[in-house]
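Trainee: Sequence:
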Amino acid sequence: MTEQLKPCPFCGGKGSMSKDYCPDGGGAFHFIQCSKCRAKGAEFYATETCPIFYGQVRDAWNRRAALTVTPQEAAKVLLDHYGYDWPDDACDAISANQDGNTAYQLIMALRAISEDSQ
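In case it helps, our numbering puts the sequence shown at residues 15 to 132.
Keep in mind that the hints are not guaranteed to be accurate.
Lysine-lysine pairs mimicking DSBU-like chemistry, simulated, CA-CA at most 30 Å apart [to be verified]: (1) K54 x K20; (2) K54 x K90; (3) K20 x K90; (4) K33 x K20; (5) K50 x K90; (6) K33 x K50; (7) K50 x K28; (8) K50 x K20.
What follows is a set of in silico ranges between Cβ atoms, one per label pair, in the way DEER data are often shown [claimed, not checked]: (9) V83 x C51: 21 to 27 Å; (10) A60 x Q18: 20 to 26 Å; (11) T84 x G39: 47 to 53 Å; (12) K54 x I127: 27 to 33 Å; (13) D73 x D38: 23 to 29 Å; (14) I66 x V91: 36 to 42 Å; (15) T63 x V91: 36 to 42 Å; (16) Q70 x K28: 18 to 24 Å; (17) T84 x K28: 23 to 29 Å; (18) G41 x D94: 43 to 49 Å; (19) C51 x A126: 22 to 28 Å.
Read the hints as simulated data drawn from the structure, not as lab findings.
Glycine is no exception: its CB is placed at the ideal position from the N, C-alpha and C atoms.
Please take these sequences and the hints and turn them into a complete structure.
Mentor: Below, the structure written as structure tokens:
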């Protein structure tokens with residue numbers, strides 16, 4: 015059974031295999047790219063491809079680093095560095111996917127801290 019692509023770690027969108035051809039015509043850089051936010055996974059160069067190669071590209075996209083801080087801790091660091099003046103449209107764009115993903119949790123933590131401080 016072929017392992018499926020995980021949703022985009024940033025927006026939850028669907029990823030698909032893409033490639034950029036090299037100008038020298040010798041091969042291409044293959045990667046997974048999100049159809050929603052256009053985030054890209056690691057690029058792999060090849061002149062010829064096979065199913066094993068596609069598995070490597072997929073596995074790189076599916077790999078996720080473990081969280082080492084909570085969204086609340088990350089929010090505190092961001093606010094300490096950038097301050098409380100975040101435009102609402104920037105927060106809305108980042109939190110557009112409200113299915114419990116980390117970006118949404120981070121924005122909600124930022125808003126909660128901001129509201130508590132005012």
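Trainee: Indicate, hint by hint, whether the structure satisfies it.
Mentor: Comparing the hints with the structure gives:
For the proposed pair K54 and K20, the alpha carbon gap of about 13 Å is at most 30 Å, so the pair holds. With a CA separation close to 28 Å, the supplied pair K54 and K90 stays within the 30 Å bound. Taking the CA atoms of K20 and K90, the gap is near 29 Å; set against the 30 Å cutoff, the hint holds. For the proposed pair K33 and K20, the alpha carbon gap of about 19 Å is at most 30 Å, so the pair holds.
With a C-alpha separation of about 28 Å, the suggested pair K50 and K90 falls inside the 30 Å cut-off, and the hint holds. With a C-alpha separation of about 17 Å, the suggested pair K33 and K50 falls inside the 30 Å cut-off, and the hint holds. For the hint linking K50 to K28, the alpha-carbon distance of about 7 Å falls within 30 Å, and the restraint holds. Annotation: proposed proximity of K50 to K20 holds, straight-line Cα distance about 14 Å (limit 30 Å).
For the pair V83 and C51, the supplied restraint of 21 to 27 Å holds, since their beta-carbon distance comes to about 22 Å. For the pair A60 and Q18, the beta carbons lie near 22 Å from each other, so the given range of 20 to 26 Å is met. Distance hint check: the CB atoms of T84 and G39 are about 49 Å apart, consistent with the given range 47 to 53 Å. At about 31 Å, the CB distance of K54 to I127 agrees with the hint of 27 to 33 Å.
About 27 Å separates the C-beta atoms of D73 and D38, a value consistent with the hinted range of 23 to 29 Å. With their beta carbons about 40 Å apart, I66 and V91 fall inside the hinted range of 36 to 42 Å. In this structure the hint that T63 and V91 lie 36 to 42 Å apart at CB holds, the actual value being about 41 Å. Q70 and K28 have their C-beta atoms about 20 Å apart, which keeps the hinted 18 to 24 Å range intact.
Remark: the range hint 23 to 29 Å for T84 to K28 is upheld by a beta-carbon distance near 28 Å. In this structure the supplied range 43 to 49 Å holds for G41 paired with D94, their Cβ-Cβ distance being about 45 Å. Restraint check, C51 to A126: a C-beta distance of roughly 24 Å satisfies the suggested window 22 to 28 Å.
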